[in-house]
Structure formats: structure tokens, C-alpha cells
Amino acid sequence: FQDLMIVPMMLSIPLLAGKSDPDINMAELAITAGKALGIVLVVFVLARKIIPWALYQIIRTKSRELFLLCIIGICIGTAYGTAELGLSLSLGAFMAGLIVAESEYSHSALEGILPFKDVFTSMFFISVGMLLDVTYFLPNITEILLIILLVLFLKTAVVVGVVKILRYPMRTALITGLTLCQVGEFSFVLAKTGLSYSLLSE
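Its first residue numbered 7, the sequence shown is counted upward by one per residue in my numbering.
There's no promise every hint is true.
[Stated by the list, open to error] The calculated label-pair distances, taken between Cβ atoms and stated as ranges, are:
#1 Glu108 x Leu155: 18 to 26 Å
#2 Asp9 x Phe143: 23 to 31 Å
#3 Lys55 x Met129: 33 to 41 Å
#4 Ala36 x Phe143: 41 to 49 Å
[Stated by the list, open to error] Computed list of lysine-lysine pairs in DSS-like fashion (alpha-carbon distance at most 30 Å, straight line):
#5 Lys55 x Lys68
#6 Lys170 x Lys41
#7 Lys170 x Lys198
#8 Lys198 x Lys161
#9 Lys41 x Lys123
#10 Lys161 x Lys41
#11 Lys123 x Lys170
#12 Lys123 x Lys55
#13 Lys198 x Lys123
#14 Lys41 x Lys55
Rather than coming from a laboratory, the hints here were simulated on the basis of the structure. The model shown is predicted, which means the values in this text are computed figures rather than measured ones. Cβ atoms here follow ideal geometry from the backbone N, Cα and C, with glycine treated the same way.
Construct the complete structure from the given sequences, taking the supplied hints into account.
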């Protein structure tokens with residue numbers, strides 16, 4: 007659910023950066039809602055009808071290379087499609103993951119993609135780490151640590167509250183809260199988009 011929420015959040019960024027004219031905002035809201043609905047419908051149809059059939063035809067060829075190329079093609083094609091709609095490549099890649107995950111061949115796909123995943127995940131987090139501005143970090147370390155602790159506390163409290171509302175035991179609620187309290191990788195994508203719309207300062 008946390009990862010799925012990136013979709014409406016990414017779609018709402020242009021609205022947050024929009025003009026004050028209510029007519030323009032309503033028009034933008036309608037376009038954004040249309041895009042969101044369209045993406046959800048396309049993902050649903052692909053995940054339930056088209057992709058399972060296509061993967062079954064490819065599995066019948068017994069070609070591991072063809073299967074891997076098809077999975078990569080689905081990911082790149084979905085990412086490109088969302089980018090053409092004015093959304094981010096990252097969002098498209100995430101939607102592609104949902105499409106493949108719904109397939110009965112998701113375990114085979116994961117097995118083939120896992121080496122790529124490890125390499126690209128490492129590159130992603132290393133590149134994010136290299137963005138650390140030490141000249142800013144050290145003089146402001148107290149403020150930064152307080153913000154980090156605040157984020158961890160708030161996320162833990164929200165998740166614990168939600169899990170308790172769902173009537174799970176407190177132990178389960180605390181474990182879930184502590185597991186999800188860190189900032190997710192999509193927040194970097196969200197922050198970058200916010201910067202491009204001047205909603206965040208450097």
C-alpha cells in the first residue's frame with residue numbers, strides 16, 4: 007500500500023504546483039484523475055488478460071533467453087508508456103513490476119531479474135549516498151538527526167495505529183511499525199519531482 011500510494015502522490019504534484027485559478031485547477035484535477043484511472047485500468051487488463059497469455063506462449067518455446075527478454079521488454083515498455091503520458095519512468099517501472107507480479111510466472115521472472123535487481127539497487131543507493139553534501143551535513147547534524155527521528159517516530163505511530171485498527175495484537179503492530187518506519191526509496195523520486203516543480207528547495 008505504501009508503494010502504491012506513490013501513484014496518486016506523483017499525480018498530485020503538478021496540482022500542488024498549479025496556479026490559483028480554480029477553473030484551471032479543476033481541469034488539471036480532471037486530467038490527472040483520468041490519467042490515474044486509465045493507468046489503473048491498463049495495468050488491470052494487462053495483468054489479468056494479456057501478460058499471462060503472452061508469457062504462457064513464451065514459456066511454451068522453452069527459451070529462457072526469450073522469456074527474460076520479454077520480461078525486460080514489459081518493464082521498459084510500461085515505463086516508456088507512463089513517461090509518454092507525462093508521468094515518471096520510475097512510476098512506470100513500478101507499474102510494470104505490479105503487472106509481472108500478478109502473473110503465475112512471477113517466480114520465474116524474479117529468478118531471471120534478481121541479478122539485475124541487486125546491481126541496480128546497489129547503484130541506486132550508492133548514487134543517492136554520493137549526493138550527500140558533507141559541507142551542509144556536518145554543521146546541521148543536530149537538525150538533520152532530529153528530522154530523521156521525527157520521521158521514524160511519526161511513521162511508526164501511523165503504522166502502529168493502522169495495524170491496531172485492523173485488530174492485530176500490539177506486538178504485530180509494533181513489529182510492522184518498526185519495519186516500515188524508514189523512508190522508502192520512492193520518496194527520493196517524489197522529492198526529485200517536487201524539486202523540478204519548485205515545491206521543495208535544494
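**Prompt:** Which numbered hints turn out to be false for this structure?
**Reply:** When the structure is compared with the hints, numbers 1, 6, 7 and 11 turn out to be violated.
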